[in-house]
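Protein chains: 2
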Amino acid sequence: MKEYLKHDEWSIIEEGFIPEYNRISESIFSIGNGRFGQRANFEEQYSGDTLPGNYLAGIYYPDKTKVGWWKIGYPEYFAKVLNASSWAGINIDFDGEALDLAECKVEDFRRELNMKEGFLLRTFTAKMKSGRRVKVEAKRFCSIVRDEIAALEYRITPLDFSSPINITPYVDFDVENEDSNYDEKFWVEVDKKVKRRQGYVTAETKKTAFQACTGMKFSIEQGGKEVDFDAYRIEKEKYVACSVDLACKEGETTVIYKYAANVTSLNYKKKELMDRCKAAVKEAYKEGFQSLLREQAIAWGNKWEEADIRIEGDVAAQQGIRFNIFQLYQTYTGEDERLNIGPKGFTGEKYGGSTYWDTEAYCFPFYLATADQSVARNLLVYRYKHLQKAIENAEKLGFTDGAALYPMVTMNGEESHNEWEITFEEIHRNGAIAYAIYDYIRYTGEQEYLSEYGLEVLIGIARFWAQRVHFSKRNGQYMMHGVTGPNEYENNVNNNWYTNYIAKWCLEYAMEAIEYVAQNHPERYQEIEEKIKFYRNTETGKWKDIAGNIYLPKDDELGILVQHDGFLDKELLTVDDLKPEDRPINQNWSWDRILRSVFIKQADVLQGLYFFEDHFDTDTIRRNFDFYEPRTVHESSLSPCVHVILGALLGREEKAYEMYLRTARLDLDDYNNDTEDGCHITSMAGTWMAFVKGFGGMRVFNDTVQFSPFITKNWQSYAFKVRFRGYYLEVKVAGEQTQIINHTNKPLEIMLYGERRELPANGTVEAAVVHRQG
Amino acid sequence: MKEYLKHDEWSIIEEGFIPEYNRISESIFSIGNGRFGQRANFEEQYSGDTLPGNYLAGIYYPDKTKVGWWKIGYPEYFAKVLNASSWAGINIDFDGEALDLAECKVEDFRRELNMKEGFLLRTFTAKMKSGRRVKVEAKRFCSIVRDEIAALEYRITPLDFSSPINITPYVDFDVENEDSNYDEKFWVEVDKKVKRRQGYVTAETKKTAFQACTGMKFSIEQGGKEVDFDAYRIEKEKYVACSVDLACKEGETTVIYKYAANVTSLNYKKKELMDRCKAAVKEAYKEGFQSLLREQAIAWGNKWEEADIRIEGDVAAQQGIRFNIFQLYQTYTGEDERLNIGPKGFTGEKYGGSTYWDTEAYCFPFYLATADQSVARNLLVYRYKHLQKAIENAEKLGFTDGAALYPMVTMNGEESHNEWEITFEEIHRNGAIAYAIYDYIRYTGEQEYLSEYGLEVLIGIARFWAQRVHFSKRNGQYMMHGVTGPNEYENNVNNNWYTNYIAKWCLEYAMEAIEYVAQNHPERYQEIEEKIKFYRNTETGKWKDIAGNIYLPKDDELGILVQHDGFLDKELLTVDDLKPEDRPINQNWSWDRILRSVFIKQADVLQGLYFFEDHFDTDTIRRNFDFYEPRTVHESSLSPCVHVILGALLGREEKAYEMYLRTARLDLDDYNNDTEDGCHITSMAGTWMAFVKGFGGMRVFNDTVQFSPFITKNWQSYAFKVRFRGYYLEVKVAGEQTQIINHTNKPLEIMLYGERRELPANGTVEAAVVHRQG
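Order-wise, the sequence lines are chains A and B.
Going by full-length UniProt numbering, the first sequence opens with residue 1, and the numbers climb by one from there.
Going by full-length UniProt numbering, the second sequence opens with residue 1, and the numbers climb by one from there.
FYI, nobody ran anything at the bench for these hints, they're computed from the structure.
Be a bit skeptical, because a hint or two may be false.
Any copy, or any two copies together, can satisfy a pair, since identical chains are not distinguished.
What the hints assert, rightly or not - Dumping the calculated BS3-like pairs for lysine-lysine here, alpha-carbon to alpha-carbon at most 27 Å:
(1) Lys579 to Lys473
(2) Lys303 to Lys193
(3) Lys579 to Lys71
(4) Lys579 to Lys542
(5) Lys350 to Lys238
(6) Lys396 to Lys579
(7) Lys542 to Lys396
(8) Lys249 to Lys531
(9) Lys473 to Lys554
(10) Lys579 to Lys533
(11) Lys71 to Lys2
(12) Lys278 to Lys193
(13) Lys579 to Lys655
(14) Lys66 to Lys206
Since this is a predicted model, take the numbers as computed values, not measurements.
Just chain A, same shape as in the assembly (with noise of 0.2 Å):
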């Protein structure tokens, strides 16, 4: 954990320049603009501990895979999101030194994300060796407004000297990912163009053959007013530059303005693109800085109008929910279904930019309730668009007739992960996509979604459970062996009670869509029905049987229902327990040691509970809370979401906040030290639920939507906004009242502390805050 970082309510503020945190920092500091999206690397060259990161959003390489020892069914690549140009490059130099902050004593070092208009600001002061010493500031942003374009201006003084300045902006795709399994680079040139004072650089990615055109054009003041320059042309293997030597004063300021746009083949034909990128810039370039950025402060106000989480009286957790808010809108914007949402969004390279069962477990619920909901439909037609891969995969694995398993990581639908015990194991994401199916018909009433896409998902999952069970003679009941839970602290084990819950919702719940389907769309039905050769009353009298029989592993003892078989055989420790040199335990101890430890990693029979609390009674959710809770780890982000929200059911209102901070400030504070990998952004969704859902007691239930609020002591007021069926609705909580607003023009029945209330047109309803017990 490092806190490093100011607190502040709109801005993220690094302030002193600590070379060591660089990576972390560049994670925190990223922009984008759910196209594209970069690491907060230096513009300037820096010599130094860097993680170069310039992502295109679907520009993806099948990396071959690299594994120690290759079992049957793993995928031959793994699809990574590549590295691309930078578009912010300028190199500096005075008299023939670079300025490199790796070779300078940094002062006044400042960066600031403001998240508020979403801008990136950095400034330093720096000394270099000659002794010299120059002033920058830097401010950039990818523009949310045109979604190829991005600007930057770069001032640069030099505070005790002149000499002359060499600047040189450039493209550059020669690049490669860190984590690129054979140190191959993935990019090979088509074509490149340098004027004098632009340059543009198309490439195409290998095996994928997607084309990228990068390209920029810059202008540069000095003294208030605009110069006019010569520049050499610089051209090498998949670069540009443009050269300019100019005079520099002590105490003038240089100005830069580089206008940059990114374009790609998911939205242009090929020979178009170069013409396309240089279009874009000439737009940019024309609108000029100010004005471009001033439209990117109104469109950020815009979005923050809707989404905003307000709080007062508690900074460091206002800075953190915003945080998470801005980094999720510069991830994905919902207006493309053949994007998705990587773990790390544009801020890293780990996990392959690739789509988890994050997506539909914790990102859902986020856009469900603050986008269009045309946005979470996209997201599940995303799924729909790729059953037929999933059927693939379950194919290689064994399974037949049409029996669907999503894989765990992926691209384009193919299965990109290769550890056996989550490719093959961790199969409960199954259960998660046809959760979110049943989320959305849920929240948005939009029952017809079954018929046109919904059907033949839940279908084929259902399929999947009924062979991957196992029919045991001696106990009588259906079993499944060898599974790996949400908890991934443990592997390959029988009878995740999660995993085999989540099978049986399915099964059930598949049938339930059949009926409403071939009721309702009986036309659609047998379409259905013919096109993936369905035998319903053969098919669904095995899955009525195996839900019906299946083994649910519980201890009555305790009251609780057990994670998998033999789990309470284990030391039941708690995290209490550990010492402190032992956290987090997976950058400590050995894997074997971590299986057979009772802790947890994340929510795993809590995971259930979450997702089907109106299944159980409220006692039977704390003697489970209560028990798994203290043995957990929350080592993966997607933890404390779930703590927050079932903590705030039970009235555990300090666990939940304490739970709440965690997650809000997992990457601003480096919780799990390994921020510098990139900021975990699906998570953040996550924090967005732990709130509204946690804090706000949000639900919809019957078609109902409920809330609950509380406030924590540590806070004056909070305030959020959701969206639910046309209605648009905003929930105030300060001291101990509670206000529901209606931004809308009709009234609304809603739930309101467990009572029926009428929400008026435009109204308001209040009531006194309720506890729950905690």
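Put chain B on the given structure of chain A with help from the hints.
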């Protein structure tokens, strides 16, 4: 399964050239002398599919670990016996046309591995692309008399043309390992010399800095007379050759004799290497091919005289067992305690030529009974010398206070393997290492070994088990979670019966050993106590508690020991339920499917019953055999032998014979479809063990050797010899009559079919074969 080799009592014979089987034959026809060895690659160039393989004992390279997902505790390197220079290479061309069987029509191709005399012979007639036909006869061997020397005779005759012939014998260290993790070459050149008819290259391994010098000298005969020739000397990086141009008449045979030597820095100072190599080559050259071959035949004759197993009436079985014995003696002679037995010996790269538990569990009894006592002792001392590394290895996994975990795979005592479920969890290997000490003392009576070396190893191992178990309060017993038993088709299971049982036994045996050394060698005991900071009462108090209260899963209803927790919850199919296309399952099923299936790769519970036969009554063994054997797919080469021995014990003579054939001809018939990677050397010792302990019923208990031989009706007779405590005994079974012959000048009391018998000096006892009830 393939059956393309001819059945013959003394030779392995391939007739006809099948390029697709070339790698298999290259493995099977390998030759070696314990110091070096090589696959049966052709002398002349071959552009078809081939796995070049030339290995020098003890010369390895730590190849950087390749792994998809790193886990704490993984080794950074995998130590591999690396490919070295071929000593046998000779390129041949006629008038510019290279002789290359991949480019020829091959007739009358025949390979013969003459096991009786220890040489490899290859003959063929090749029709070259130009239409020219040549006949070749190539014979070679690695001398077991002079273990640095090898020699070959290459006879080549143009059948229907006269032309110039170019002959180019070479030494070439510019080789690569096919399984190199990063496509790296491991040798760098140190020195080389080439003269008119000889050449030498000294090369050094990267990182480990071993040096090896391979040298050659050759002569040529035509028309039965030695030819005087000039040679172009060719030098390239790590390569020397002599290129000789001669005329060659239709029907006239050109004979090349190439004499070679391999010497390494394991045995000489580096700076002496080339001189030592020259001296060895000179000696060989002077001795001449025929003379060297004669002494080779005599030496092999002597080995066979001692170690042969003779079977009358079953050529396939006879050939199988001789092939096993032959390969074992080619691999390990036991003269050098720094060496050990790699799973593939000198026949392939796979498994890196490293040491596995195979040595203790399967190879040990073979060397114990057929070689000088010092050989088995050297195998134990090898592990003693690795004790410190085993302690460090355990420390990496969180163990303390001198607990020792021997590596799964090792060359120098450090762990090489990198699969968590094996490296960290297949810990039963520690038990086998303790068991070998017990086995050695039981067999030889040399109790003193404990005080010299054994005790420290036993205490280190006992300390490991004492820390590895945990106390399950709920069950009031010690348990061991997260292990992989000998059956590697189960990973990360809880309470593997075999592992728990051998852990218990190790604790008890360590306590016995302590008692013995403390009483009989009090000073030495004191010294050990101080050296390893052993707190006898505290530690053994704990050990006693564990040994007395460790959970050993069993099922009263079935009357069996249970392989591990949950095993009986599986779908309890038997191998008969498998479809032919499913087998071998490890080549057809994904790993999760294998894991959750009931099918057993190799003896697990039965391995324990084999080791501790005297702890269980026959009914228990029978019930377990009848339960587990039908569920065993024997996809480890180490599996059938244990089933032969137990099957024989239970009177399942047919089952024992079936299993025996499978192990004896495993490579000859390519049972597991993997002989192309190399022969299963360590399992060959298991075959011997299967014969002697299975058919021969040999045991040693209470300082007495026991026999209970039976014979399958497929054989007329068999005979084998064993050494036992200075005695030299022969067991002969013909028809229904058993003879035990004492080839020693002193009488011995033995047990025959459970009865005490006096075996006179140089005398015989006889008995009718007793068949156990099947």
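So, going through the hints one by one against the coordinates:
1. Lys579 to Lys473: between (44 Å within a copy, 22 Å between copies)
2. Lys303 to Lys193: Neither. Shortest intra-copy (37 Å) and inter-copy (77 Å) distances fail the 27 Å Cα cut-off.
3. Lys579 to Lys71: Intra 37 Å, inter 21 Å, cutoff 27 Å: inter-copy only.
4. Lys579 to Lys542: Result: close only across copies, 24 Å inter versus 49 Å intra.
5. Lys350 to Lys238: within (25 Å within a copy, 41 Å between copies)
6. Lys396 to Lys579: For Lys396 and Lys579, the Cα distance is within 27 Å only across copies (17 Å; inside one copy 44 Å).
7. Lys542 to Lys396: Within one copy only: 23 Å inside a chain, 49 Å across chains, cut-off 27 Å.
8. Lys249 to Lys531: neither (75 Å within a copy, 74 Å between copies)
9. Lys473 to Lys554: Both, since 20 Å and 18 Å are each at most 27 Å.
10. Lys579 to Lys533: The answer is between: 25 Å across copies meets 27 Å, while 57 Å in one copy does not.
11. Lys71 to Lys2: Between copies, since 24 Å is at most 27 Å while 40 Å is not.
12. Lys278 to Lys193: within (10 Å within a copy, 64 Å between copies)
13. Lys579 to Lys655: within (21 Å within a copy, 55 Å between copies)
14. Lys66 to Lys206: both (18 Å within a copy, 23 Å between copies)
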